[in-house]
Structures are given as C-alpha cells and as structure tokens.
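Participant: Protein chains in written order, with this note's numbering: chain G, 13 to 483; chain P, 13 to 483.
Each hint should be verified, as a subset may be incorrect.
One copy or any two copies: either way a pair holds, since identical chains are not told apart in the list.
To be verified - Subject to a maximum C-alpha distance of 25 Å in a straight line, what follows is the list of computed SDA-like cross-link-like pairs (lysine to any residue):
hint	residue 1	residue 2
1	K77	R29
2	K175	H445
3	K77	L407
4	K392	E137
5	K144	T132
6	K319	E452
7	K80	P394
8	K254	P161
9	K359	S275
10	K175	P380
11	K319	G344
12	K175	Q63
13	K359	S267
If you're looking for bench data, these hints aren't it; they were derived computationally from the structure.
Protein chains: 2
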Amino acid sequence: MATTRQPDAASNTEAMRRFFNPESIAVVGASATPGRIGYSIVDNLLSGGYQGKVYPINPSAGEVKGLKMYPSLQEAPGEVDVVIVAIPARAVPAVVPQAAARGAAGIVVISSGFAEIGNTALQEELVAAARKHNIRVVGPNTYGYYYTPMNLCATFCTPYNRKGGVALVSQSGGVGMAILGYSRSHQMGVSAIVGLGNKCDVDEDDLLDYFRQDPNTKVVAIHMEGLRDGRGFLRAAREITKTKPVVVLKAGRTSRGARAASSHTAALAGQDSVYDAAFRQSGVVRALTLEDLLDWARVLQMLPDPKGENVVIITGAGGLGVLLSDACEDFGLHLMSMPPGLDETFKQFIPPFGASGNPIDITGGEPPETYYRCILTALKEPQIHSLLIGYWHTLITPPMVFAETLYRAVKEAEEAGIRKPVVVNLAGDIEVHDAAQYLEERGIPSYPYATEKAAAALAAKYRSWRYSQGR
Amino acid sequence: MATTRQPDAASNTEAMRRFFNPESIAVVGASATPGRIGYSIVDNLLSGGYQGKVYPINPSAGEVKGLKMYPSLQEAPGEVDVVIVAIPARAVPAVVPQAAARGAAGIVVISSGFAEIGNTALQEELVAAARKHNIRVVGPNTYGYYYTPMNLCATFCTPYNRKGGVALVSQSGGVGMAILGYSRSHQMGVSAIVGLGNKCDVDEDDLLDYFRQDPNTKVVAIHMEGLRDGRGFLRAAREITKTKPVVVLKAGRTSRGARAASSHTAALAGQDSVYDAAFRQSGVVRALTLEDLLDWARVLQMLPDPKGENVVIITGAGGLGVLLSDACEDFGLHLMSMPPGLDETFKQFIPPFGASGNPIDITGGEPPETYYRCILTALKEPQIHSLLIGYWHTLITPPMVFAETLYRAVKEAEEAGIRKPVVVNLAGDIEVHDAAQYLEERGIPSYPYATEKAAAALAAKYRSWRYSQGR
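Isolated chain G (complex conformation) (with noise of 0.2 Å):
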C-alpha cells in the first residue's frame, strides 16, 4: 500500500482545524431518495443541527431536504472547506481535484470497494491524486464523522449530538455503531466520533494532534486494527498523554484475530508484543475489550485526577469488601494500609463488629448517617486519595437514600475545595440502577452489582494519571 505523504505540523494542524470546523461542506453523491446513503448523509446533517452550508452534489440535479442539488462541485455557489463522497469507488479519485479547486481541506470517501476489498490499486490511485492535490482523505470505506461542538453529523448512520469531552475513534463500521449505541444508552457526552475506514490517509496520529489542542475534548478512546505509522503514532500518543487519557482497542491481538482484520481493512496486525510495548511508552492505557474501551473512556471525564496512590475500600457488606479487594489487587490499584491513628477515627463510626482497616466495614445494619460520616472523613482526610464504595442495599439505607447521602458527602467536599475520585458499586435489588443513574448524573461513577467493574474504571484512572506525571 502507498505510504502518504507526511504533511509538516502546520498544515496538518489547520487541515484537522478545518475538517472539524467546516464553514461548508458538499455532498458528492447526494440522494433525494430516503434509504440511500447519499440521502441519509444530508439528511442527518440537516437533522443533526449543523449551521454551516450544505451543497448536495447529483448530476441530476433536483433537490434533497429542500436543498438545491448542484450537478457538479464546480457548480457549487461558494467555497467548500470539506467534501463527502458517496459514489461507486472507481469514481472517486477524480473527486479530488474538482474539490482541490474549490479550496477543499480533504475529502472524507464513505464508499467502499478499496483495499478493503482487494483493490489496492484504486486506493494507490486516490492517495496519489490527494498527495498530488494538497489534499487529505479520511477513509474510504468509513461511515464518516461527527463533532458535537458544530452540531455536526457527517455520516449515513443515526445523528448524536451530546456535547462532551470524550473523542471516540473507531475503523470499523460495526464498532462505530456500538460507540453510537453504547454512548446514547449511557449519556455519554462526547466531542467526536470518527470513522477512520481504511484510513489511507488521516490516521490516529492527525487525530490525536488535533484533539491534544481542542478545548472540546477531554479523553480520546481509538479502536484501531493495526497501525500504519507506529513512529507517528507513539509521537503523537506521547504528547497528548501528558495532559489527555488516551484509551486504545487493538483489535486482532490474537492469531485468528489479526487473520480476520487482515481480510477486514487489509490491515497488517503485526506482532502484539510490539504494540504492547508501543502502548506503555506512550502512557496509552489499552483495553482488552469493547466494553472496557467503552467504559474506560466514559469514565475518564467524568473522575479529577487523585493526588496519591491510596486508595479506601468503604462498604456496607464484607463480601462486597472482599471482592473489591480482589479486584484492586487484580487491577493494579493500591489499597492503603489504614495509619492507626486514621483507624481509630473510623472505628468511632462503625459497631464495633464492623471491620476497620481497609476495607472499612461499615455492616449492613447502618443507618444513611454511617456512611455520611464514613465517606465525608476519608475525603476530607489527605492521606486518602480515592474512595471505592461498595453499598449494600438494606431496609434502613435504600438505595436512593445512600445516593443522596454519598453526593451530600462529594458536595460538601467539593465545597471545601476537595475533589477526589469516587467509583461505586451497587448490589441490591433493582432499585440500583436508579440510584447510580442519579449518582452518574451527578459526575460519581457507578455500576450496578459488577464490583469489578468499579475498581477496573478506577485503575484505568490511575494508569492514564501516573504516566502524565511521569510514574
């Protein structure tokens, strides 16, 4: 496969600027006939909220949404800052000189029928004629991009517009709709979604150039295939770790894996050692699973940084003390060893069956007020640096009761100037799962019986944190 060219920092910089921040953008191929791509393409642009103009582009003219639909590029009325194109793969290349001529800073080609598919030619041919236009392409074979800053909703699949700081990045179809799923049914608030296709020319490195400057987002999490340009990667990943959790998905980890993803997007998976490697120098915390990649990146915006590496196990049932317990062993999260003089503060609030130490067993008979007491010391006591709360659902503490306690306890910190991160879990009937809703609303983390899930979020927390402070 043809290697691209390598555009300077500069240019690269205001290509990504603009591919994000289009003033115009065409549709080559639009469609006035709803269930084609070409229609749905402008359609969600429209649905989507973008305020920028929109040239459909059809030989046969007519209209999509209300909009003139104009025979060529070259018939559009003003200048384009970005082009999609939806038309069979032959014709593409020839895109990109008509959309050199009217400014375009790249084209983003939903069509497939590339590499993907064999024809590596084709995909030489369109890379040759970008390089040659001071063009950049995103894809092909992509279902294109959002950014929820512009309201804008650059693809065929369904709109999403709740603005956040998560940027999720993914090279496949399939994945980019569980992203669209995953973040709707869990209020994730993101900045970008971005289907990278066959990515055969803008890659995760112009990405994480790009979103290491934006204000808008906060976390990037990248599903990738293989790597195109592992230097370029591991430069661009090193800088913006310093200040932005980057969360990665390599897919084809395993023999039969990186077979399928060889037959997927022709990607090369190549050794996973070396990945590793890669992921670790450049403080990426990398993901095993979807879920985690998903989740990871969900809950990385929503915790502060800790200022230590102790971590207090608060919880209303031993077992749920032990299981967390085995889980930050699992995790690599360090349990505190509780100072006696800390020890004793705590063993004024709990029965004096209820364990101290670490976990602190507050027993399942407590009133609301215990674990008040319990959570509002450890946050405001600076050799504690993050809480997991493992709640038991009990008659005298239901559910929402604890939820309303445990923020009450956040807030009241907050106020004092403390900010800690605090992940909880909740086992109880299904009460729960409103509780942790008002609990997510509210900024705390909080999964629903998985113990393991509350811990595995902390721990990726504290990989992004200690690399970024050179851990």
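Got chain G sorted already, so can you dock chain P onto it with the hints?
Facilitator: Only chain P this time, still in chain G's reference frame:
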C-alpha cells in the same frame, strides 16, 4: 472452628428435601412492627405466595399480617419442618432443642454475632447443640433462602418468584442482594437462592447433592469465600457436573481479598492455586468476576449442548468479526477451519467482496435474507456445532428485523430437530436493546455492544460441556 458431623447421605438428602419443600415454617423472632427483620420475614413468606403453614413466634404473642403469633415454638399448633431464627445471637443455641422437639429438619439462623465478629465460642455452641439434637443449621449470619417451586421466600430481603432453572448460592448478603437485583433486571428464572452466611453446618456440598437430584434446577452458581470441607466439595461437585453445570466465584483470590475475607466470614481463603486445581478437577466453571458468575449462570440454562467443538462466526461487520475472533481465542473456543466445499456454499450467499472462511463476513449492505441463509445453512450443517453472530445495525437490516430473522432460522432448524448453541452480539444504536430482549425471551443469549461477553458466555458452555463429556 468446630467441625460438624458428617451426616450419612440418605439423612442429608431427606433434611435438604424438607428444607426446600417444607409443609410448615416457624419464624422465631417474628415481629408485628414493619421495618423489623422479624416482620419482613413473615411478610415475605406470605406475599411471596408460600402455601404451607407459617407460625410466627414471639413471647409477647399478638398478631402479624393477620397471623396469630405464638409465645414459644412449643405452643405452635403443629409439626414444623424449618425454623427461621431472627433473635439476638446469644439466645439462638437454646432454640435448637425446641426446634428438634417439634420435629424440624433444621434451622436457618438469620441472626449475626457469631464467628464473623470473633464469637467462635457461641458458634461452636450452636453447632454442638445442632449435632446433639440431629438438626441441620443454615447460617448463622445469612439473609435466608428462596425456593421458587414452593413460592418460598424465607428471607428479610425482597421477594423473588421468577421461576427457572438457576440455583444461586452466596456467602454474603451484599452478593445476595446483587444476585437478586441482577436476576430481576435480567429476568433470570431461578429455582433457588441460598445465603450460607458463616456456613457452620450446611454448606456447598449439601446443596450440590440436593440440586443434583432436583428436577427444578438446571445450573448452579456459587459465590464462596472459603471451603470448610474441600474434599466434600470435590466429591459433590464431581457428581453434579456430569449432568449440570456449576459456576463458582471464589472471593478472596488475592492477598488483599483473602485478608478481607478472613475478617468478613472468618473464612480461611486458602491458597488460590489449590482452589483452582480443585475446580478444574471437578468440572466447575470458574468465574473471576461477579458479573461473569451471574451472566454465565443465566446463559448456561439457555444454551443446548453442542455436538462438537466447531464454532463459526457470522457477522455483518468485519470489525466485529475481528473482535469476536480475538475473544474466541482468549476464551479457548475453537474457530473451525472452513472446509473448501462448505466455504463455496457460503460464498453463494454473500457479496464477492464479503469474506468467506471463518468469520463469515456478509458485509453491511446485505438484506435480512443474507443473514437468514447463512445462519440456517450453518445450523443445518453437521460439521458446524455452534454459532457466534455479530450483528451490525444498518438501514437495510434494522435491529428488530434482524432479531426476527435470526429467530426464524433458529425455529426452522428446531422444527427439523436441530438445536445448537447460538450467541449473539449486537452493534448498533439504542434499538439493539429491544432486539436483544426479543431474542433473550426466545432463549437466545444476546449482548448489545460487548463482543467479548458473547464469546465468554459460549466458552462457559463449552467448559462445562467438555467436562460432562469426559474431555
């Protein structure tokens, strides 16, 4: 801690039969005051729909929920199979002879205040009394138990009555409540939920022996912090796993977890490698997380036995195929090498740029019929033993249409006498939740987003099946 007597197999079986199928239950420590544990137990027995006799016992007599309370066990008007005890710990041993006098098979000690708070002497006294009077003890320090075939909710927790084949056992109230909430939110049918608490007498092997013979139980899931009698567990587990899957979550796996366990249920967590070997030898499927324990139990009752090791992935998105392939290798599933003749068969159904082999990538532009043909062919092909489906949400095949199509193929195969394990991953927008529920209600395990969970669930089935086949 005292060891308990080893009752002979026949008397143990009879005692367990009476525990789970009592004609009458007494509640020592019943209360007329809502919010008290002794009230909740009576309330749950009645509102859960238990049809046997309930005798509330309270020295001050009176009434609870329309039932006359008796001042003592002696004064209850009939024989008693099981006595639930919720009075202060120190008074519990004295209940034993009274229960024996009424012919009870055993007592369930809800009360805490025994070995878990260091009061081993009191627990030994309880055990000694039970041995002397030939009475079995569940607990102490337990939330009680459920047996849905009898509509029996002998617990202070919330009632649960969705009937099904999963028996769940835990050693922690917190985990017990997580079991309840997970079951309700996933609509999991259960036969029994049992809290063993400190398990001074009745333990996992007693339950395994009962569940092995219980036609209402198809799968057993156990959360444990330690084994009192490793040999007994091995024997009982070896027997039951020949015909019914057993999943175990051993808490206190790690050094910090083990330390927490010893202060929780006074469990000797023991060397984890010893447990691991024991589980392997006895055909137990080991889960490392609470979510896996519950999820696998749920799925194991849904999936039929495979006829062999050959797993085939059918997907609408190449990217899902890659992730599913990784997960298959991670979890020890055998991805069949597609024989040339069979490959040709599938090639007929999919576009030329789709990927045959395994995964079979039908690509995202295909109508429901393509899923249908590939899935039905795979179900009818004797060389293929199990299917993992990776669905991609597209305009041409929306989630519910896919779900109905898949079910049509599965039903058609079933009508031809063919049942194979089929597990589904759905990548798409939020509508995939409805599609997953549709499939789950029809007995097909379905996972939105998380590719790895679908593979892990199928792998749990294979692990238990291999043991039952002597592999």
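Participant: Against each hint, give a clear statement of whether it holds in the structure.
Facilitator: Against the structure, the hints:
Taking identical chains as interchangeable, the C-alpha atoms of K77 and R29 are never at most 25 Å apart, the minima being 28 Å within one chain and 70 Å between chains. Taking the shortest Cα distances, K175 and H445 sit within 25 Å of each other both inside one copy (23 Å) and across copies (23 Å). Taking the shortest Cα distances, K77 and L407 sit within 25 Å of each other only across copies (19 Å), while inside one copy they are farther apart (56 Å). For the homomeric pair K392 and E137, neither the shortest alpha-carbon distance inside one copy (62 Å) nor that between copies (44 Å) is at most 25 Å.
In the homo-oligomer, the alpha carbons of K144 and T132 lie at most 25 Å apart inside one protomer (18 Å), although the nearest pairing across protomers, at 83 Å, exceeds that limit. For the identical chains of this complex, K319 and E452 are intra-copy neighbours only, at 22 Å inside a copy versus 45 Å across copies, given an alpha-carbon limit of 25 Å. Proximity of K80 to P394 under the C-alpha cut-off of 25 Å is found in neither arrangement, the shortest distances being 63 Å within a copy and 56 Å between copies. In this homomeric assembly, K254 and P161 come within 25 Å of each other (Cα to Cα) only inside a single copy, at 24 Å, whereas the closest approach across copies is 58 Å.
Only between protomers do K359 and S275 lie at most 25 Å apart by alpha-carbon distance; the minimum there is 15 Å, versus 60 Å within a single protomer. When the C-alpha separation of K175 and P380 is checked against a cutoff of 25 Å, the pair qualifies neither within a copy, at 34 Å, nor between copies, at 34 Å. Taking CA atoms no more than 25 Å apart as the test, K319 paired with G344 passes inside one copy only; the shortest distance there is 17 Å, against 41 Å between copies. When the C-alpha separation of K175 and Q63 is checked against a cutoff of 25 Å, the pair qualifies only within one copy, where the shortest distance is 16 Å, while the shortest distance between copies is 54 Å.
Proximity of K359 to S267 under the C-alpha cut-off of 25 Å is restricted to the inter-copy arrangement: shortest distance 23 Å between copies versus 53 Å within a copy.
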